[in-house]
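Trainee: Residues per chain are reported as follows:
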Amino acid sequence: MLFKEIIRMALSSLGAHKLRSFLTMAGITIGVFSVIGVMTAVSALRESIETGLSFLGASTVQFSKSSAIQRGGGDSAKYGKRKNITLSQAQRYVKLMEGVTDDISLKAFSQGSEAVYGGRKTTPDINYGGSNEHFLSSNQYAIDIGRNFTQADIELASPVVIIGQDIVSKLFPAESPLGKVIKVKAHAYTVIGTFVGRGTSFGQSEDAIAMVPITRFLNDNGAEGRSISIATGAPSQDTYMEIVDKGITAMRIARGLNANQENDFEVFSNDSLLDAFAKVADAVSSGAFVISAIALLAAGVGIMNIMLVSVTERTKEIGIRKSIGARKVNILSQFLIESVAISLAGGLAGILLGVLAGDGLAMLLKAQIIFPWGWSIAGLVVCTAIGVGFGFYPALKAAQLDPIEALRYE
Amino acid sequence: MSTLRTTRPIGPLVIDIDGVVKLYQMGTETIHALRGISLKIHRNEYLAIMGPSGSGKSTLMNMLGCLDTPTAGRYEFNGKNVAAMVDDELADIRNREIGFVFQTFNLLPRSDALRNVELPLIYAGIPSDQRRERAQQVLEEVGLGNRMHHKPNELSGGQRQRVAIARALVNKPSIILADEPTGNLDSQTGIEIMALFEELYKLGNTIIVVTHEEDIARHARRVVRLRDGLIESDGSVS
Ligand SMILES: Nc1ncnc2c1ncn2[C@@H]1O[C@H](COP(=O)(O)OP(=O)(O)OP(=O)(O)O)[C@@H](O)[C@H]1O
Ligand SMILES: [Mg+2]
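Protein chains in written order, with the numbering used here: chain A, 1 to 410; chain B, 1001 to 1238.
Isolated chain A, as found in the complex (with noise of 0.2 Å):
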């Protein structure tokens, strides 16, 4: 009942002074927002690549030349020196691991190509690339009609395809694409089969493909300057650490290191992946956490600035108050009031910017939208903290006032 009456009085008094209550909530709003809006557009990254990220199955991992996500330009220069990995290692590779696993998957792309059939053709932006039978496993793709790669078309680099579904749209709308020739980079292919669509991970569609063999494509395209990538699949979860423990040495063999040398290629998982995301994120986010401590510090310090000013302004007000019968108990808590009011809405208006800002930068990204209830829930939690550890001093001096005093006060 009167902590009712003692909130609206706060309020009351909150409103009497719009500007300058909008201007300390300011800082709290900053404060919040820089950590929500980063989280939010950290969680709703995190959350679609742990729930979309099918780059690679589960248990599959990966050689390569170079990383998936590059960090910095130091990278680049130590992957620049490295030799790339040619198909007579790539074999090598598979007759090693011959015995342990046969589900491995070589792989070679051309970014930026144009399939053509009749009159129609597709963007200038497929991803065309040469693999073999066990693309499918490895990469998560499934086939829809028609049939997957023999190793007869591996060995024999035949010039057929598979390909998406974006492509299948472009250029047979009213036809079946089995047995079509089309043409890619001006080589020609017999499509043998399409892929189920996967839809957009990250802004790219996974449909425009088309995957030929990858003797074929190396025929085709030249093997001078281009790396392949091995992926390599376990029979399951549990044997997943020896098989990349297997990879590994086989991948050594077929570079022909010494025993002193250090692996010139990158071993990468959906974990590896996700392990890299985890590193940007975390320091972005500890980037934001660094920045909003300071923010809401700045902000607290103002919020007591504030509070003080107004318990000085108002001592005539504390004077009447108490001369009627207030107890310090109340002089306190309608300050205390003040200041988490302040603080809380600031927090909240942080809280919506930042879900705001958050949101649409995974919006842009592709990502998930998502709203980080833990985040803002620690947020107001802090913000109510805030409220009451910088408004505690300027409460009590409040609540402590002589009420002669403060009456006489001018």
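It is worth saying that the hints were derived from the structure and are not from the lab. Every value quoted in this text rests on a predicted model; they were computed, and no experiment measured them. For glycine and all other residues, C-beta sits at the position ideal for the given N, C-alpha and C. Be a bit skeptical, because a hint or two may be false.
[As the list claims (entries may be wrong)] With the Cβ distance kept under 7 Å, some of the chain A side facing chain B (calculated, not the full set):
id: 1; residue: Leu2
id: 2; residue: Glu5
id: 3; residue: Ser110
id: 4; residue: Gly112
id: 5; residue: Ile324
id: 6; residue: Ala326
id: 7; residue: Arg327
id: 8; residue: Ile404
[As the list claims (entries may be wrong)] Short, incomplete list of chain A residues facing chain B, as computed with Cβ under 7 Å:
id: 9; residue: Ile320
id: 10; residue: Ser323
id: 11; residue: Gly325
id: 12; residue: Pro403
[What the hints assert, rightly or not] Under the rule of at most 25 Å between Cα atoms (straight-line distance), these lysine to aspartate or glutamate pairs were calculated in the DMTMM-like manner:
id: 13; chain 1: B; residue 1: Lys1151; chain 2: A; residue 2: Glu313
id: 14; chain 1: A; residue 1: Lys4; chain 2: B; residue 2: Asp1092
id: 15; chain 1: B; residue 1: Lys1040; chain 2: B; residue 2: Asp1228
id: 16; chain 1: B; residue 1: Lys1151; chain 2: A; residue 2: Glu5
id: 17; chain 1: A; residue 1: Lys316; chain 2: B; residue 2: Asp1092
id: 18; chain 1: A; residue 1: Lys4; chain 2: B; residue 2: Asp1228
id: 19; chain 1: A; residue 1: Lys316; chain 2: B; residue 2: Asp1228
id: 20; chain 1: A; residue 1: Lys4; chain 2: B; residue 2: Asp1129
id: 21; chain 1: A; residue 1: Lys328; chain 2: B; residue 2: Asp1088
id: 22; chain 1: B; residue 1: Lys1172; chain 2: B; residue 2: Asp1186
id: 23; chain 1: A; residue 1: Lys18; chain 2: B; residue 2: Asp1112
id: 24; chain 1: A; residue 1: Lys328; chain 2: B; residue 2: Glu1097
id: 25; chain 1: A; residue 1: Lys316; chain 2: B; residue 2: Glu1089
id: 26; chain 1: A; residue 1: Lys316; chain 2: B; residue 2: Glu1154
Given the structure of chain A, go ahead and fit chain B with the ligands onto it with the hints provided.
Mentor: Okay, now just chain B with the ligands, sitting in the frame of chain A:
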């Protein structure tokens, strides 16, 4: 005028002070505002405190109103020792037992008349519907039934003082203390306010008024005169 006067029989002891001293320390100088005052005030008394400027009238009133505590001496309010009370106990006495009317009204400027009068009831923890009803009733009693939603700056001086008196009365205190309640008003308005006190007295309130105007003091049934922090005289008015 005196023919209209009715002096009500006095009731039990409300205020009992004995040898009260109040010192103010101003740097190295000690100011003796009260040098040893003893006074007994009963329920249903109407008492005026007079004296020249600086004689200690306000100091004594603040003490009686539990806004201030004596440096030395004994103060019993309704039989309870005030000198030994902590701040919150004093706050409760001010809230429930004492209605204080100030020379400068001391209303909250941003709140309307009704809200100002409600304030003591809020601190007394009265539920809001009862509070509103009681505040409206008292405002009507002081003749401001049609000014409840005016803010202090929308009221005349006399109306402001009526709001302040309503606020003093709202919690049905044992005693009403007024320190120069007409000091900031013109003489006509002052007379109206004193008429209101007369009425309140007849309704059974106990009233102590500080004034340095003989005209005002004549309304009271008993006059205490101070000089230099001591009681110079104490007697009933005929
Ligand atoms: N807070 C204070 N600090 C120092 N001296 C004070 C204080 N309050 C009162 N005094 C001194 O105490 C004495 C009594 O003051 P008080 O206000 O009680 O006089 P008063 O009788 O009410 O006078 P007036 O008629 O002018 O209102 C004065 O000498 C005054 O200067
Ligand atoms: Mg005075």
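Trainee: Take the hints in turn and mark each one as holding or not.
Mentor: Each hint, compared with the structure:
no. : hint                    : verdict
1   : Leu2                    : 6 Å, holds
2   : Glu5                    : 5 Å, holds
3   : Ser110                  : 75 Å, violated
4   : Gly112                  : 69 Å, violated
5   : Ile324                  : 5 Å, holds
6   : Ala326                  : 5 Å, holds
7   : Arg327                  : 5 Å, holds
8   : Ile404                  : 5 Å, holds
9   : Ile320                  : 5 Å, holds
10  : Ser323                  : 6 Å, holds
11  : Gly325                  : 2 Å, holds
12  : Pro403                  : 5 Å, holds
13  : B/Lys1151 <-> A/Glu313  : 19 Å, holds
14  : A/Lys4 <-> B/Asp1092    : 20 Å, holds
15  : B/Lys1040 <-> B/Asp1228 : 20 Å, holds
16  : B/Lys1151 <-> A/Glu5    : 19 Å, holds
17  : A/Lys316 <-> B/Asp1092  : 20 Å, holds
18  : A/Lys4 <-> B/Asp1228    : 47 Å, violated
19  : A/Lys316 <-> B/Asp1228  : 28 Å, violated
20  : A/Lys4 <-> B/Asp1129    : 14 Å, holds
21  : A/Lys328 <-> B/Asp1088  : 7 Å, holds
22  : B/Lys1172 <-> B/Asp1186 : 28 Å, violated
23  : A/Lys18 <-> B/Asp1112   : 20 Å, holds
24  : A/Lys328 <-> B/Glu1097  : 18 Å, holds
25  : A/Lys316 <-> B/Glu1089  : 21 Å, holds
26  : A/Lys316 <-> B/Glu1154  : 20 Å, holds
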